[in-house]
Amino acid sequence: MSHYISKSILLLVFTVVIACIIYPGAVWLVGHAFFPFQAEGSLLMGPDGQPVGSKLIAQPFTKDEYFQPRPSAASYDASASASSTLAPSNYLLRNRVATMLGPIVKYRSGPKAAQLVAPDVETWFQQDRYQGNPAIVAQWADLHNGLATAWVGADPTHGSYVDSWAKMHPDVVANWIKANPSSPQPKAVDLAVVFFENFSKENPGRFPSAVTRPGADGKPQNSIEPVKDGLDIQTTFFDMWRQDHPDADLQNAPGDMVTTSGSGLDPHITLENAEFQLDRVAAKWAADTKREPAQTRNEIEQILQANASAPFAGLAGEKVVNVLEVNLELRKRYGAPN
Amino acid sequence: MWILPISMLVVTVLLAIPLSRYMTAIMDGKYEVPRFLAWFEQRLNSGPQNWKQYTASLLIFNTVLFVFGFIVLALQPWMPLNPQHKGLLAPTTIFHTVVSFMTNTDVQHYSGDVHFSNFTQIFFAFTMFFLSASIGFCALTMIIRALRSDSSVGNFFVDMWRVVVYMFLPICFVLAIVFVQQGSPMTFKSFRQVSTLEAGAMGTLENGQPKPQTIVVGPLAAFIPMKQLGTNGGGFYGMNSAHPFENPTALTNFLSCVAMMLFPFGLVLMFGRMLNRLRHAWLIFGVMMFFMLGTVVWAIYFDTLTPNPGLTAHPIARTYQVSGTNAPGGKQIVTLPAVAGLPVDQHLGNLEGKEMRFGTSAGATFAALTVDVTDGAVNCEHDSLNPIAGLSPYAGMWLNCFFGGKGVGMINMLLFVVIGIFVAGQMVGRTPEYLGKKIGGREMKLAMIALLVHPIMILIPTGIFAGTSWGMKAENNPGAHGFSEILYQFSSSSANNGSAFDGLGTVYGFNDNPNPAPMGRQWDIASGLVILISRFLPIIAPMAMAAFLGAKKSSPFGLGTLRDDTSTFAFLLIGTIVIIGALLFLPVAALGPLAEHWGPLPFGG
Chain A
1 MSHYISKSIL
11 LLVFTVVIAC
21 IIYPGAVWLV
31 GHAFFPFQAE
41 GSLLMGPDGQ
51 PVGSKLIAQP
61 FTKDEYFQPR
71 PSAASYDASA
81 SASSTLAPSN
91 YLLRNRVATM
101 LGPIVKYRSG
111 PKAAQLVAPD
121 VETWFQQDRY
131 QGNPAIVAQW
141 ADLHNGLATA
151 WVGADPTHGS
161 YVDSWAKMHP
171 DVVANWIKAN
181 PSSPQPKAVD
191 LAVVFFENFS
201 KENPGRFPSA
211 VTRPGADGKP
221 QNSIEPVKDG
231 LDIQTTFFDM
241 WRQDHPDADL
251 QNAPGDMVTT
261 SGSGLDPHIT
271 LENAEFQLDR
281 VAAKWAADTK
291 REPAQTRNEI
301 EQILQANASA
311 PFAGLAGEKV
321 VNVLEVNLEL
331 RKRYGAPN
Chain B
1001 MWILPISMLV
1011 VTVLLAIPLS
1021 RYMTAIMDGK
1031 YEVPRFLAWF
1041 EQRLNSGPQN
1051 WKQYTASLLI
1061 FNTVLFVFGF
1071 IVLALQPWMP
1081 LNPQHKGLLA
1091 PTTIFHTVVS
1101 FMTNTDVQHY
1111 SGDVHFSNFT
1121 QIFFAFTMFF
1131 LSASIGFCAL
1141 TMIIRALRSD
1151 SSVGNFFVDM
1161 WRVVVYMFLP
1171 ICFVLAIVFV
1181 QQGSPMTFKS
1191 FRQVSTLEAG
1201 AMGTLENGQP
1211 KPQTIVVGPL
1221 AAFIPMKQLG
1231 TNGGGFYGMN
1241 SAHPFENPTA
1251 LTNFLSCVAM
1261 MLFPFGLVLM
1271 FGRMLNRLRH
1281 AWLIFGVMMF
1291 FMLGTVVWAI
1301 YFDTLTPNPG
1311 LTAHPIARTY
1321 QVSGTNAPGG
1331 KQIVTLPAVA
1341 GLPVDQHLGN
1351 LEGKEMRFGT
1361 SAGATFAALT
1371 VDVTDGAVNC
1381 EHDSLNPIAG
1391 LSPYAGMWLN
1401 CFFGGKGVGM
1411 INMLLFVVIG
1421 IFVAGQMVGR
1431 TPEYLGKKIG
1441 GREMKLAMIA
1451 LLVHPIMILI
1461 PTGIFAGTSW
1471 GMKAENNPGA
1481 HGFSEILYQF
1491 SSSSANNGSA
1501 FDGLGTVYGF
1511 NDNPNPAPMG
1521 RQWDIASGLV
1531 ILISRFLPII
1541 APMAMAAFLG
1551 AKKSSPFGLG
1561 TLRDDTSTFA
1571 FLLIGTIVII
1581 GALLFLPVAA
1591 LGPLAEHWGP
1601 LPFGG
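Here the protein sequences line up with chains A and B, keeping their order.
So the first sequence is numbered by our numbering: it starts at 1 and just counts up by one.
So the second sequence is numbered by our numbering: it starts at 1001 and just counts up by one.
So that you can see chain A by itself, here it is in the shape it has in the complex:
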């Protein structure tokens, strides 16, 4: 028995020396001798010679001048990769996609072909009828308790708005406590659904949203107010608008544009996705650099084509482009965006 223990320890020691020291050491030597760029993380240098990112790791872009990578469940944090882990059946997945689509979707055919649907979503929202019934916001909160609750918890200003609403509506809160005796002192998040129901009754066709206006001292101040249009309406209520208009013919957005990747750091988008963003990117650069729009679009199109490649020369999949490489090329060619 002790014989076997000593042999076991010997085997372990041999393996540790070989597998943990000699083997990685040898790979390190060969890697640094022949492929130092890859071995150190494939870092790309920016216009000023400083590393701006890894060729293989997605990073966020917010400006319209740049192509945008796929949305990231990891917020592009390359020290904590993550996927959304949302199942197809989970409404949060559909909601996330609808929220992205709302402001960018266009009609494909009909009298409004190639126009954004967002203004129509706002008009429909102001009429405050969903599936033939009044009060869109109340129905939204009833259908999606989780989203309503998440809204209250999303920002401290949301929470304090609900708190001050609760102070002004003691009767509604008292009724809620009667119906939920287990929570005698409800917090703002507990009251989310009843808050939206009441809000909807008092502000038909409105949704609480952040508004910036000059304060008493002249500085801009944020406050939550009932609004009837804007980004919150376009994003939050696009899916409900869609349910009321199932036959509207809309342009499809590329699938990879609205889905998160497995790692949250996918450095590529499909060429199709890049082409979808091309109009926005080209128009913005043309405006920034005061160039001819059509020619700028052509140039950028060529950059995309030059950077596009398909896995195994197209045998196994469709063309993709590396977002950072393309954006770096744009940055080098046109300078810093305004």
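Just so you know, the hints here were simulated from the structure itself, not pulled from any lab data.
Just so you know, these numbers come straight off a predicted model, no measurement behind them.
For glycine and all other residues, C-beta sits at the position ideal for the given N, C-alpha and C.
Misleading hints may appear alongside valid ones.
Claimed, not checked - Below are the DSSO-like pairs computed for lysine-lysine, each with C-alpha atoms no more than 30 Å apart in a straight line: (1) B/Lys-1189 x A/Lys-55; (2) A/Lys-55 x B/Lys-1211; (3) B/Lys-1437 x B/Lys-1052; (4) A/Lys-228 x A/Lys-63; (5) A/Lys-284 x B/Lys-1211; (6) B/Lys-1211 x A/Lys-63; (7) A/Lys-332 x B/Lys-1211.
To be verified - Chain B is faced by these chain A residues, among others (derived, beta-carbon under 8 Å): (8) Val-16; (9) Ala-19; (10) Tyr-23; (11) Tyr-76.
Fit chain B to the supplied structure of chain A, relying on the hints for placement.
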């Protein structure tokens, strides 16, 4: 679409044939090595062993490995190569991680990029990768030697040395060079910091400066080949082979798939060569390939060729009458309203949780293959697979013999073979024989123990966790999918697979984590115990069974002998697997993936 999986399989088969010859020669000791290697071998050799001594060595070695792994993980805060000062993991997480890696399972209740320093990655993971992979390999070798009635079943420590040094190491080295060339980092630095191209896109720091992007790097190129070759599957990063450093290109993805299938394929052929029953081995190979193709085709059809049903239209409202105690007359009408689709182009299939660089069907293909060979690396998020496509990984884990892990997959198949022969013998009223040895009551009992551990270890813990807050507080998705997450975790643990539905809240994290997953500890312990039991019983029982079979007298081949190299036998084997698998697991499949597929979509919110 189909070119990718087909070429992967064809290439692996073509490589496995010569490899199996080499493996046979090594394990039969027909080789000569340089003097210095022979010196190591002599140091390890404790002499010829019988099956009990071999099994005892295996268990003792695992104990030593456990202690070693525990110490390395527990020492993380005080070890070098840790510039980010990663702290001490929770004790239950250490227990779970050691058990999980030691048994070739590699279910991870931590994220490598967040919780491991490079020292831990190297000294813990590399050691476990090489050794745990070799243990199953040696177990199968012992079983083969017992079945052919060798006077000794060999020496465990010499066998381990042979597998690690003469087989894994050279292939690993070659693959590692390819990986580094393709873009996997190979550095002992822990992270690189870069300013982003658009300054401030990551947000701003407290001092108003634009926030840099911190990129975790490490000795990836050396890590991945052994992760795949040993069908370990434990990722360097949390998102495993989906991470661009862990799997930088379509070529590395291809090689990752080939590497994980290589030894499972080769071992089946080695089984035939060592027993001198190559035709029989090819037949088993064919049956395994039949099932493997089934899981691949299923996954591709329902995930790559089918859009994500959460985004598409469901134009027809459905109404069901269900029994409800509160409803009048005990009947309740449930209506699932029609749903309008979102304007998303899904011609590439379900892209949620997929990466773009591997090729169109690569995510689904990898998902099927990684469970078939119990690798457990993932290159897409299995939690986000289309519900019915998720059945493919489940099937791979439940039956656990579509090639299976190194050695253990073949051992599992051997159990089905023995049971199939026994059932067929009962049907025609003859004494069942395998390899000329009569299968008796004792062998059948051992086979059934080994076979039944698996469903018991999946179904009972799943039931317990699904019915209590242990499971319900860990679910990340509502409804049937939440149940699927629990089921998947135990299936993966019991099958020693290692992939996961990542949404499940199992990560306790560092010991001083103020916000751990509420049920992290319970999951660590339950999953760890399931892994241990499901690893060792199904290895030891078949080792004993093979020893008892091998000790019997060979009966001469007669007219009435059931031939084990005919198509009749193949169908018998397929039938046995399908019937046993369906009986054991169809009910639980109905509660999870099937319920999600036919239930309301989208759900909750």
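Exercise for the section: Provide an ascending list of the numbers of those earlier hints which the structure does not satisfy. Expected result: none
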